[in-house]
Amino acid sequence: MGTVTTFDPVTEHERARAALAAAIPRLVGLLRAVPDPDAGSGVPAWSVGDVGAHLAAVYLAYTSLVSPGEAVDRDGVLPSDGGPSSNGSRP
Numbered sequence: 001m002g003t004v005t006t007f008d009p010v011t012e013h014e015r016a017r018a019a020l021a022a023a024i025p026r027l028v029g030l031l032r033a034v035p036d037p038d039a040g041s042g043v044p045a046w047s048v049g050d051v052g053a054h055l056a057a058v059y060l061a062y063t064s065l066v067s068p069g070e071a072v073d074r075d076g077v078l079p080s081d082g083g084p085s086s087n088g089s090r091p
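According to our numbering, the residues represented by the sequence shown are 1 to 91, in order.
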């Protein structure tokens, strides 16, 4: 019989935070090196700058606001000013 593993959300949360922390310096460097933030990206209807703003919001929300021990009101995490992270027509 194989080994049975159980899902531990606290451990997975810490692993995800560590993976994000390792990837962020390279991602920031790539985004800062883009000569035109308004250039199209691989995500339809989003510019490179939109993608960068979205990734920054996700990183902030996940690493700073999400806790495995308590619920988070998602409506209070992202901006409501019509930016790319709050636009319902975009991913």
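Just so you know, the hints here were simulated from the structure itself, not pulled from any lab data. C-beta atoms are modelled at their ideal positions from N, C-alpha and C, and glycine is treated no differently. Be a bit skeptical, because a hint or two may be false.
Label pairs and their computed distance ranges (CB to CB) [stated by the list, open to error]: (1) 39 x 18: 28 to 38 Å; (2) 15 x 41: 33 to 43 Å; (3) 34 x 3: 16 to 26 Å; (4) 16 x 40: 43 to 53 Å; (5) 3 x 60: 31 to 41 Å; (6) 19 x 43: 40 to 50 Å; (7) 3 x 37: 40 to 50 Å; (8) 40 x 4: 23 to 33 Å; (9) 56 x 13: 14 to 24 Å; (10) 17 x 49: 23 to 33 Å; (11) 40 x 18: 29 to 39 Å.
Hint-by-hint comparison with the structure:
1. 39 x 18: 28 to 38 Å: 31 Å, holds
2. 15 x 41: 33 to 43 Å: 28 Å, violated
3. 34 x 3: 16 to 26 Å: Once the Cβ atoms are compared, 45 Å apart, the range 16 to 26 Å for residue 3 and residue 34 is violated.
4. 16 x 40: 43 to 53 Å: 29 Å, violated
5. 3 x 60: 31 to 41 Å: Cβ of residue 3 to Cβ of residue 60: about 36 Å, so the range 31 to 41 Å holds.
6. 19 x 43: 40 to 50 Å: Hint violated: Cβ distance 21 Å, outside 40 to 50 Å.
7. 3 x 37: 40 to 50 Å: Holds - the Cβ-Cβ distance for residue 3 and residue 37, about 47 Å, lies within 40 to 50 Å.
8. 40 x 4: 23 to 33 Å: Taking Cβ atoms as reference, residue 40 and residue 4 lie about 47 Å apart, which means the hint is violated.
9. 56 x 13: 14 to 24 Å: 19 Å, holds
10. 17 x 49: 23 to 33 Å: Taking Cβ atoms as reference, residue 17 and residue 49 lie about 25 Å apart, which means the hint holds.
11. 40 x 18: 29 to 39 Å: Roughly 32 Å apart at Cβ, these two residues keep to the hinted range, so it holds.
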